[in-house]
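These protein sequences, in sequence, are chains A and B. FYI, in the numbering used here the residues of the first sequence are 1 to 399. FYI, in the numbering used here the residues of the second sequence are 400 to 506.
Among these hints, one or two may not hold up.
[Said to hold, decoys possible] Facing chain B, from chain A, some residues (calculated, C-beta under 7 Å): (1) Gly350; (2) Gly351; (3) Gly374.
Honestly, the hints are just simulated from the structure, not real lab data. Cβ coordinates follow ideal geometry from the N, Cα and C atoms, glycine included.
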Amino acid sequence: MARSRLIRPVLAARGGQAGSTADLASADELAGRIPGFGGLFLDASGAPTVYLTRGSARANAERALEGYLTAKGLGVAALKVQEARYGWHQLERWKAAATDAAFESSGAVFVDNDETANRVRIGVADLSSMGQVKAAVARSGLPDDAVIIERADPIVLVATLQNVVDRPVRAGVQINFPGFVCSVGFNATTPSGQKSFVTASHCTNTQGGVESTPYWQPLQSVAPTQIATEVADPVYQRGVGTGCPKSRLCRYSDASRAAYANGANQALGLIARTSGANNGSLTITGSFSITSDDCGTTGGCLAVGTTVNKVGRTTGWTAGNITNTCVNTGVSGSRIVQLCQTFVSAGVGGGDSGSDVYQITGTTAKLAGVLWGGNGAGTQFVFSPFGNVTRELGTLITH
Amino acid sequence: MPLVFTVANTGNSPVTLYLMGRDPTADFQVTDHQGRQIWSHLRGRVGMAPLRLLPLEAEQRLSFHQEWNQRSDTGKPVAPGTYLVRAILLTDQPGGLASPPASIRIE
Numbered sequence: 001m002a003r004s005r006l007i008r009p010v011l012a013a014r015g016g017q018a019g020s021t022a023d024l025a026s027a028d029e030l031a032g033r034i035p036g037f038g039g040l041f042l043d044a045s046g047a048p049t050v051y052l053t054r055g056s057a058r059a060n061a062e063r064a065l066e067g068y069l070t071a072k073g074l075g076v077a078a079l080k081v082q083e084a085r086y087g088w089h090q091l092e093r094w095k096a097a098a099t100d101a102a103f104e105s106s107g108a109v110f111v112d113n114d115e116t117a118n119r120v121r122i123g124v125a126d127l128s129s130m131g132q133v134k135a136a137v138a139r140s141g142l143p144d145d146a147v148i149i150e151r152a153d154p155i156v157l158v159a160t161l162q163n164v165v166d167r168p169v170r171a172g173v174q175i176n177f178p179g180f181v182c183s184v185g186f187n188a189t190t191p192s193g194q195k196s197f198v199t200a201s202h203c204t205n206t207q208g209g210v211e212s213t214p215y216w217q218p219l220q221s222v223a224p225t226q227i228a229t230e231v232a233d234p235v236y237q238r239g240v241g242t243g244c245p246k247s248r249l250c251r252y253s254d255a256s257r258a259a260y261a262n263g264a265n266q267a268l269g270l271i272a273r274t275s276g277a278n279n280g281s282l283t284i285t286g287s288f289s290i291t292s293d294d295c296g297t298t299g300g301c302l303a304v305g306t307t308v309n310k311v312g313r314t315t316g317w318t319a320g321n322i323t324n325t326c327v328n329t330g331v332s333g334s335r336i337v338q339l340c341q342t343f344v345s346a347g348v349g350g351g352d353s354g355s356d357v358y359q360i361t362g363t364t365a366k367l368a369g370v371l372w373g374g375n376g377a378g379t380q381f382v383f384s385p386f387g388n389v390t391r392e393l394g395t396l397i398t399h
Numbered sequence: 400m401p402l403v404f405t406v407a408n409t410g411n412s413p414v415t416l417y418l419m420g421r422d423p424t425a426d427f428q429v430t431d432h433q434g435r436q437i438w439s440h441l442r443g444r445v446g447m448a449p450l451r452l453l454p455l456e457a458e459q460r461l462s463f464h465q466e467w468n469q470r471s472d473t474g475k476p477v478a479p480g481t482y483l484v485r486a487i488l489l490t491d492q493p494g495g496l497a498s499p500p501a502s503i504r505i506e
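Could you put the whole structure together from the sequences, leaning on the hints where they help?
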């Protein structure tokens, strides 16, 4: 069924035209306002189309939908009307009854009040289930004409960067700390043997300084056992290195390190891999293996024009060229300046912070650094080169 | 010119917003009648990219305030005319959560 829009963004420009809204009431609300309402959908041409039972007044639908149509730049005349056989509330009651009945059979896949057909639509996994479901639905009192039963592909939960319970934990998958989600940067073991992962410094309770931030993967609500605890995150300071402006706080990397509670959960050298770069997929299809690291020099050793990649929980695997190196970068909305960072022309989104950045060399990966930021348009990301990370977190074994 | 962007939970139950940044962040963008972007609040800025899970109770609102000095991204005063302004809440979705455009007239 159509989802009601719960979040309504409104913009007001004082001195200009009053704000407007594209808010669309829920189908239940529309059914309360429009006598004879049987569903609302956009047809194949994108035209708003409403089902009304015979004898119902179009004017009621026009009044109820006028604001929505106006916000889309349409007049009420653009509203199409189709004759409904059934009212929305009746279909909702039948949908509830059909849900109980259909799922008595293991072959039921979905039950929907289909607003495009003004019928209850039931998906079944195979033809042998169809008879069982049909009989069960008939016993629940639904008229034959009100139900469409069809073959549907089973819906399976795929492992994505956001939902996978990844054990051992690879770089690129989602991690959760109180109130936020980020991505695992890369796994790293200290010379003393502490098994850890690296993520962004701001992916801790407080950016800079160790507060023993707890981490879960992918979410505390999904896998409640804490996987790691923050153990290294140098504080931001004035006068760091060269290039830190007066009255600003600086570091060379936005990176922190968390120690695994159980070292067996560390997938050293592995990055979760999706089906391809820049295709938007979040489904995990394999892994990259890190076999080398960028140089340990501050600023890194990758030149402008070099193609690098990242895998993060929000935008998946993205790739693009380095556009700027060793950039002293002011962080919007803060007093922080990150020194000697690398800019890349590639996709990024909220939640990608901490992601691994790497160069693909043949069939393997060369670790380049940790992503921490980007522009508002999501077309450029910024990362701390590996040399900057080890400058502040110390020697790290990554593969 | 003061601009105010409000995001409201108009439902009757709490929702969790997935917002880019340590603090909720919104961009404001002005375009001319040909759709060309004239000014963007966040243009050229770099922000952090964690994802904040922000609960918004029923009826609760988030408001963002921004001042537009009626200059373009190049710093020049814009010509008199009609412009469209919209605001975008940065989320985990491409394009964020955008307001419908509002029309403003510069005399």
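- Interface hint outcome for Gly351/A [beta carbon to chain B under 7 Å]: Gly351/A check passes; min Cβ-Cβ to chain B is 3 Å, inside 7 Å.
- Item | chain B contact restraint on Gly374/A - CB to CB distance below 7 Å | 5 Å, holds
- Message: So, as I understand it, the hint says Gly350/A touches chain B; can you test that by seeing if any CB pair is closer than 7 Å?
- Response: Status holds, d = 3 Å.
Consistency with the previously given hints is maintained throughout, with no hint failing.
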